[in-house]
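*Asks:* Once you know that position 132 of the sequence shown is 132 in the UniProt record's numbering, the rest is easy, because the numbers rise by one and skip nothing.
Honestly, the hints are just simulated from the structure, not real lab data.
Some clues are possibly wrong.
Claimed, not checked - Cβ-Cβ distance ranges computed for the label pairs, FRET-style: (1) Pro215 - Asp24: 46 to 56 Å; (2) Asp253 - Arg12: 28 to 38 Å; (3) Ser261 - Arg98: 17 to 27 Å; (4) Thr278 - Glu322: 42 to 52 Å; (5) Asp248 - Gln288: 24 to 34 Å.
Don't be surprised by glycine CBs; every beta carbon is placed ideally from N, CA and C.
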Amino acid sequence: MTDSMQVVGYRRNLPIDNPESLVDAEIGVPAPGPHDLLVRIEAVSVNPVDVKVRAGIDPDGELKVLGYDAAGTVSAVGPSVTRFRVGDEVYYAGSIARPGTNARFHLVDEHIVGHKPASLTHAEAAALPLTTITAWETLFDRFALTKDSTGTLLVVGAAGGVGSMIVQLARALTSLTVIGTASRPETSQWVTDLGAHHVVDHHGGLADAVLEVAPAGVDYLFTAFSAGQAEEFARVVRPNGQITAIDDPEGLDLLPLKSKSITWHWEFMFTRPLFLPTDPTQHEILEQTARLVDDGTLRTTLTNQLGPINAANLRQAHAMIETSATMGKIVLAGF
1 MTDSMQVVGY
11 RRNLPIDNPE
21 SLVDAEIGVP
31 APGPHDLLVR
41 IEAVSVNPVD
51 VKVRAGIDPD
61 GELKVLGYDA
71 AGTVSAVGPS
81 VTRFRVGDEV
91 YYAGSIARPG
101 TNARFHLVDE
111 HIVGHKPASL
121 THAEAAALPL
131 TTITAWETLF
141 DRFALTKDST
151 GTLLVVGAAG
161 GVGSMIVQLA
171 RALTSLTVIG
181 TASRPETSQW
191 VTDLGAHHVV
201 DHHGGLADAV
211 LEVAPAGVDY
221 LFTAFSAGQA
231 EEFARVVRPN
241 GQITAIDDPE
251 GLDLLPLKSK
261 SITWHWEFMF
271 TRPLFLPTDP
281 TQHEILEQTA
291 RLVDDGTLRT
301 TLTNQLGPIN
311 AANLRQAHAM
321 IETSATMGKI
331 VLAGF
């Protein structure tokens, strides 16, 4: 192994069409801490959090490396590692508190890493971790669903990365009726293929569209698009229903939900890495996900592979994410 490695990062908050918004660089290879894996990165995927961090955190001239999804091979392990060995193929979403995965080598704590699904390529596997963990925690931590849970789940933005996994997991691991929202023929077909019972176009008014197929409303609602939607959510969610959101709406007013006693949850998949660093739950989620992928129950959500991991391709990926119209996941593979 060499002493230096290729990375992609940023030094200033700049619009993504500026060539300096993401740049190629070379830095030293880090050494593993007690529970760390040093992973040789083979593929990464790009998420809205990459865009939010790039726009919102100013590194003041220092190089900040992004990337919160990866698949690769373990190159070295810390002295206290028990779950993995050198040579293991792994996938994970990492921690927002540590340098990112847009690097030839990357350090990650073993508690949040899973063995890569054997049936997937590194690129196919890299599409899954962050969105799968988010979807899993939404369904089984926030909503506390089980295999026997019934009722109706509405997935707002079902063709997106997280929505695509919520549809699959809800169909595979609960007994819910699943309604997804999508606004284009290709995204509607994607959501149908993932297993949604119904797909509706939310652009003409969410509540009206949903109530046409579910006149009594829905029990559970997942959303990545909350801004200005509280009244629509209040119309469509049944009394004592539940909502989980993953976005960051400014000035959110939830009073419209009060008369129906609707519960509002936040889901942030970095909560465990940040505040419960030795909690193995995300490791276990990824291990179970790998089994479900390998037995054909779940599928990768890779839809767009842009080429190798470099600044030019990552700028293109960020620009695509900024449109909020992407379907599935964008992946880059190789250096």
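*Asks:* With 46 to 56 Å as the target window, see if Pro215 and Asp24 comply at their CB atoms.
*Replies:* With a Cβ separation near 55 Å, Pro215 and Asp24 satisfy 46 to 56 Å, so the hint holds.
*Asks:* Do Ser261 and Arg98 keep their Cβ atoms within the hinted range of 17 to 27 Å?
*Replies:* Given a distance of about 40 Å, which is not inside 17 to 27 Å, the answer is violated.
*Asks:* When you take the CB atoms of Asp253 and Arg12, is the distance between them in 28 to 38 Å?
*Replies:* Taking Cβ atoms as reference, Asp253 and Arg12 lie about 34 Å apart, which means the hint holds.
*Asks:* Holds or violated: 42 to 52 Å for the Cβ distance of Thr278 and Glu322?
*Replies:* Taking Cβ atoms as reference, Thr278 and Glu322 lie about 35 Å apart, which means the hint is violated.
*Asks:* 24 to 34 Å was suggested as the range; check whether the CB atoms of Asp248 and Gln288 agree with it.
*Replies:* The hinted range 24 to 34 Å holds for Asp248 and Gln288, with Cβ atoms some 29 Å apart.
When held up to the earlier numbered hints, the structure conflicts with 3, 4 and fits the remainder.
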